[in-house]
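Following our numbering, the residues of the sequence shown are numbered contiguously, the last one being 1258.
There's no promise every hint is true.
Distance windows between CB atoms, simulated [stated by the list, open to error]: (1) V1131 / A1055: 47 to 53 Å; (2) G1085 / N991: 17 to 23 Å; (3) V1135 / V1193: 38 to 44 Å; (4) I1143 / V1110: 22 to 28 Å; (5) K1134 / T1002: 46 to 52 Å; (6) F997 / V1193: 49 to 55 Å; (7) G1007 / S1200: 28 to 34 Å; (8) G987 / S1138: 14 to 20 Å; (9) P988 / G1085: 22 to 28 Å; (10) R1140 / N1189: 49 to 55 Å.
Hint data in this document are derived by calculation from the structure and do not stem from the laboratory.
Every residue gets a Cβ at the ideal spot worked out from N, C-alpha and C, and that includes glycine.
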Amino acid sequence: KKGFGPRVNFAWTPFSDKKTVIRGGFDIIYSNGISVAFGTQNGAISAPAFANYFGYNGDFTGQRPAFQFSKGAPDLGIPPVDQVKKDDNQFLGQGTGGGFLKGSKDPYVQQWSLYVQRELPSDMVLSVSYVGTHGLHLYGDEFRNYNHVPTKVRQSLRNQINQLVPTPAPLVPIYGDEVPQSRLIRPNPQYGGVGINSNPDGFNRYNSLQVRHEKRFSRGLSFTAAYTFQKNIGTPNTGSLIGNTATPTTLGRTVGRSAYIAGAISGGSGNVAGSA
983 KKGFGPRVNF
993 AWTPFSDKKT
1003 VIRGGFDIIY
1013 SNGISVAFGT
1023 QNGAISAPAF
1033 ANYFGYNGDF
1043 TGQRPAFQFS
1053 KGAPDLGIPP
1063 VDQVKKDDNQ
1073 FLGQGTGGGF
1083 LKGSKDPYVQ
1093 QWSLYVQREL
1103 PSDMVLSVSY
1113 VGTHGLHLYG
1123 DEFRNYNHVP
1133 TKVRQSLRNQ
1143 INQLVPTPAP
1153 LVPIYGDEVP
1163 QSRLIRPNPQ
1173 YGGVGINSNP
1183 DGFNRYNSLQ
1193 VRHEKRFSRG
1203 LSFTAAYTFQ
1213 KNIGTPNTGS
1223 LIGNTATPTT
1233 LGRTVGRSAY
1243 IAGAISGGSG
1253 NVAGSA
């Protein structure tokens, strides 16, 4: 609703022969990452809310269909949808399931580019360009546990972290008289895990130098040669849906080269075609 997404681009011919063109631009593009992951009947999962899944196990050949339309759909024995709340325990002593971080923002990508193109003899064009992107609030790994024992505490306790200790009175109805020490030093000891469905804190920084030499078809010959020198730095959690963040509170330590490039346009291919 409040997303500001300007797109400013230009093209300029600096010389009178009109054989050189300079192009550039800056854009902010918002992503539908949250919708793709969790949208009802939309995006990658396309699942309605509060749904139960039913898996069909076929034979090992993969040739037997689940059922034939001419015979009608079989009774799959789909279980009823569980109630959201069965009792007053509120999942105490268990995981809290999924949730969303308060104040989450829509993921977006900043794109900028500068191109210089020059027309050459024999119907050839040479292009040299710089292309960069910066992804912010990118949708990252799923089910990251925020109810973890801090690393500093783990290092200090080491093998004693799971020793049984007397349970504090408020937690006795949940865990009994004794409980592993690790549960008591979590931020929320009444829960086993506090998972977040979406973690929009991923980012990437991509920079590239792109060169392209093209000969348009003439005299029975055409070819294209392209080279891209690029580097992408980002958080590793943008390439996976399942939690893989080792230190949720210190994401800066896991920043490095990344294969996932949000909004980047790059290429490194060549081809030659001709006719007699």
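These are the hints, each one checked on the structure:
no.: 1; hint: V1131 / A1055: 47 to 53 Å; result: holds, 49 Å
no.: 2; hint: G1085 / N991: 17 to 23 Å; result: violated, 32 Å
no.: 3; hint: V1135 / V1193: 38 to 44 Å; result: violated, 52 Å
no.: 4; hint: I1143 / V1110: 22 to 28 Å; result: violated, 57 Å
no.: 5; hint: K1134 / T1002: 46 to 52 Å; result: violated, 59 Å
no.: 6; hint: F997 / V1193: 49 to 55 Å; result: violated, 21 Å
no.: 7; hint: G1007 / S1200: 28 to 34 Å; result: holds, 31 Å
no.: 8; hint: G987 / S1138: 14 to 20 Å; result: violated, 47 Å
no.: 9; hint: P988 / G1085: 22 to 28 Å; result: holds, 23 Å
no.: 10; hint: R1140 / N1189: 49 to 55 Å; result: violated, 42 Å
When each numbered hint is compared with the structure, violations occur for hints 2, 3, 4, 5, 6, 8 and 10.
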